[in-house]
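Peer 1: So the chains spell out like this:
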Amino acid sequence: MSPKDISRRKFIKNLGGGVVGAGVAIQTLSAKTRKESKPPSKSDSAVALTFTVNKKPITLLVEPESTLADVLRNDLKLTGTKVVCNHGECGACTVLLDGRAVYSCHMLALDAQGKSVTTIEGLMDGEKLHPVQEAFVEHDGLQCGFCTPGQVMAAEAILIKNPKPGKEEIIEGMSGNLCRCAAYPNILKSAVAAAEKLNKS
Amino acid sequence: MQFSYIQPTSIEEVFKLGSAAPLYAGGTDLIGLMKDDIIKTDKVINIKKLKGLDKIEDKGNKGIEIGPLVKIADLIENETIQEKCPLLVQTAKEIASPQLRNMGTVGGNICQRPRCWYYRGDFDCIRKGGDTCYAVGGENKYHCIIGGGPCFIVHPSDLAVALLALDAKIEITSENGQKTVPVNDFFILPEDDETKENILEPGEIVTKIILPEQAKGFKTTYIKFKERSSWDFAVVSVAAVLKTDGNMIKNGKLAFGGVAPHPWMEAEINQKLTGLNTDEASVDAFTSSLFHNAEPMEKNEYKVILARNLVKRIIDNLA
Numbered sequence: 077m078s079p080k081d082i083s084r085r086k087f088i089k090n091l092g093g094g095v096v097g098a099g100v101a102i103q104t105l106s107a108k109t110r111k112e113s114k115p116p117s118k119s120d121s122a123v124a125l126t127f128t129v130n131k132k133p134i135t136l137l138v139e140p141e142s143t144l145a146d147v148l149r150n151d152l153k154l155t156g157t158k159v160v161c162n163h164g165e166c167g168a169c170t171v172l173l174d175g176r177a178v179y180s181c182h183m184l185a186l187d188a189q190g191k192s193v194t195t196i197e198g199l200m201d202g203e204k205l206h207p208v209q210e211a212f213v214e215h216d217g218l219q220c221g222f223c224t225p226g227q228v229m230a231a232e233a234i235l236i237k238n239p240k241p242g243k244e245e246i247i248e249g250m251s252g253n254l255c256r257c258a259a260y261p262n263i264l265k266s267a268v269a270a271a272e273k274l275n276k277s
Numbered sequence: 037m038q039f040s041y042i043q044p045t046s047i048e049e050v051f052k053l054g055s056a057a058p059l060y061a062g063g064t065d066l067i068g069l070m071k072d073d074i075i076k077t078d079k080v081i082n083i084k085k086l087k088g089l090d091k092i093e094d095k096g097n098k099g100i101e102i103g104p105l106v107k108i109a110d111l112i113e114n115e116t117i118q119e120k121c122p123l124l125v126q127t128a129k130e131i132a133s134p135q136l137r138n139m140g141t142v143g144g145n146i147c148q149r150p151r152c153w154y155y156r157g158d159f160d161c162i163r164k165g166g167d168t169c170y171a172v173g174g175e176n177k178y179h180c181i182i183g184g185g186p187c188f189i190v191h192p193s194d195l196a197v198a199l200l201a202l203d204a205k206i207e208i209t210s211e212n213g214q215k216t217v218p219v220n221d222f223f224i225l226p227e228d229d230e231t232k233e234n235i236l237e238p239g240e241i242v243t244k245i246i247l248p249e250q251a252k253g254f255k256t257t258y259i260k261f262k263e264r265s266s267w268d269f270a271v272v273s274v275a276a277v278l279k280t281d282g283n284m285i286k287n288g289k290l291a292f293g294g295v296a297p298h299p300w301m302e303a304e305i306n307q308k309l310t311g312l313n314t315d316e317a318s319v320d321a322f323t324s325s326l327f328h329n330a331e332p333m334e335k336n337e338y339k340v341i342l343a344r345n346l347v348k349r350i351i352d353n354l355a
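Those sequence lines, one after another, are chains A and B.
No gaps in the numbering here: position 67 of the first sequence is 143 in this note's numbering, and each next residue is one more.
No gaps in the numbering here: position 70 of the second sequence is 106 in this note's numbering, and each next residue is one more.
If you are wondering where the hints come from, they were derived from the structure by calculation, not from laboratory data.
One or more hints might be untrue.
[To be verified] Stretches of chain A that chain B covers, calculated by requiring three or more beta carbons in the stretch to come under 8 Å of a beta carbon on chain B:
| # | segment |
| --- | --- |
| 1 | 163 to 174 |
| 2 | 179 to 190 |
| 3 | 204 to 216 |
[As the list claims (entries may be wrong)] If we take Cβ atoms under 10 Å as the criterion, some of the chain B residues that face chain A in the derived model are:
| # | residue |
| --- | --- |
| 4 | 41 |
| 5 | 68 |
| 6 | 82 |
| 7 | 84 |
| 8 | 87 |
| 9 | 257 |
| 10 | 261 |
| 11 | 266 |
Just so we're clear, the structure is a prediction, and the values are computed from it rather than from any experiment.
Each residue gets a CB set at the ideal place from its N, CA and C atoms; glycine is no exception.
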C-alpha cells in the first residue's frame with residue numbers, strides 16, 4: 077500500500093463519517109422540531125452553552141461532543157462556515173473566537189463558553205459587504221468559492237491583529253487555509269487589497 | 037465520539053476524578069484522535085479552567101517558567117520569551133498553522149501523539165496495543181532512523197526539540213507530589229514502552245516547563261525541513277545553541293526532530309562540536325560523521341543526508 081492510498085482511504089473514510097454525521101444531525105433536529113412544546117432537552121448529557129455569536133448573546137443546549145462548527149451550522153443555521161476536511165487542516169471552517177482565527181471543526185462548541193464568535197455572516201453590515209469581502213469580489217479571490225468564507229475570516233483575523241500587515245505577514249496569516257482550486261494568487265491579492273482598503277477608509 | 041465533559045477548576049479536583057479520562061486543553065490533537073477512534077473515552081476532562089497554569093513567569097536566575105496551558109500563539113508574542121529565548125519563538129512560529137497556534141498549548145505540543153499513518157489509520161499497530169509495527173516492511177519514508185524498535189515512530193513536537201537543546205525541565209504533578217525531570221528524561225523510547233512517548237503515568241499532569249537562565253553569547257536557531265512549506269510536520273528538524281569564537285565553535289548543542297521516537301540529542305555529537313573549526317573541510321568531516329550509527333529503514337535513508345545537510349547549513353549560517 078502506498079502512502080497515497082492510505083491518505084486517499086482516510087480521506088474517503090472521513091468523508092463518509094462527515095456524511096453520516098450530517099445525517100444524524102438532521103435527524104436530531106427534526107426530532108427536536110417535533111417536540112418543540114417540551115422544554116429544550118436534547119439528552120441527559122446535553123450542556124448549556126452561553127456565548128456571543130455575531131454580537132448576539134445566545135444560550136442553547138449542546139452535546140459535549142458537538143464541535144463549534146456543528147453548532148453554528150446545524151443549530152444556529154449559520155451555514156456560511158464550511159466543513160471540508162473536518163480535521164483541522166484545511167481552514168474552510170475558520171471563524172474568529174475572541175478575535176482570533178480558529179478551526180471551528182476542530183474544537184468543541186463548549187470551548188466557546190462565555191466567548192465571542194464571529195462567522196462570515198457576522199461581517200456584513202445589513203446588505204453591505206465587509207471590506208474584506210469586497211476585496212475578494214473585486215480581485216476575484218476565489219474559484220469554486222467553498223474555501224472562501226474561511227479565507228475571508230483568516231484575512232480578517234490578520235487585520236484585527238495588525239491593520240497594516242506586510243505581505244509576508246499576510247502570507248503567513250493565510251497559510252492555514254487551503255484552496256483546492258489553487259486560486260492562491262488572487263486570494264493573496266484580495267487580502268493585500270483588503271488591508272489597503274481598510275487603511276484608506 | 038460521545039462523552040461527558042468535565043470541567044474541574046483546581047488540580048485537586050482533577051486528581052479526585054481519577055485517571056481514566058484524557059485531559060483536554062487546546063484539543064488540537066485529542067479531537068483528531070477521538071474523531072478517528074484512536075482514543076475512545078466516555079469522559080473528557082477539560083483542564084483549561086485550571087488556575088495558574090497559563091502564565092509565563094520570569095524567575096530571574098532561576099529561569100523562566102512556562103505554564104502548560106500557554107497557547108502557542110501567546111508564547112510567540114510573550115515579551116520575556118522574545119527577549120530571553122528567541123529560539124523558542126522561532127521554533128513556535130514553525131508549529132502548525134496560525135489557527136492551530138491560536139488553539140494548541142505548550143503542554144499539549146510536547147505531549148501530542150505521533151503522526152505515523154499506521155498509528156493514525158485503521159491498523160492494529162503495536163502502539164495501539166497490537167503486536168505489529170506496519171512500518172517495518174511497509175511505507176516508512178517518514179519513520180525514524182535511530183532509536184526505533186519495536187515501534188518506529190518519530191516524535192512530532194517542534195517545541196520539544198528546542199526545549200531539549202535549551203536544557204529545559206518539565207515539572208510533573210500528581211496526587212502524590214511533584215517531580216521535575218530534564219526534557220531528555222521526560223521522553224522515552226519504544227524499547228521502554230511502545231504504547232506511550234513519555235514517562236507520564238495516569239494521574240500525572242505537566243504543570244510547568246522550566247527554561248534555565250540562558251548563558252550569554254550563544255547563537256541559536258531552529259531549522260525545520262517540511263515537504264509542504266505552508267505548514268507541516270518536520271521531516272527532519274534541528275535546534276542549535278552555539279557559542280562561536282572567530283573560526284571556532286567553542287561549544288554548543290544540537291537537538292534533532294524527525295529522526296527518532298523522541299527528540300534526539302547525542303553527547304558524542306555535542307562533544308565533537310566543541311572546538312570544531314568552521315573551515316569547510318572540518319565542517320564536512322563533522323557533518324558526515326553524524327548519524328553514522330543510524331539504522332535507516334528501506335525508504336528513509338535520505339533522512340541521514342538531510343540531517344547532515346541541515347547541520348551544515350546551521351554552521352554556515354551561525355558560525
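Peer 1: Which earlier hints can't be squared with this structure?
Peer 2: The structure conflicts with hints 3, 8, 9 and 10, although it agrees with all the remaining ones.
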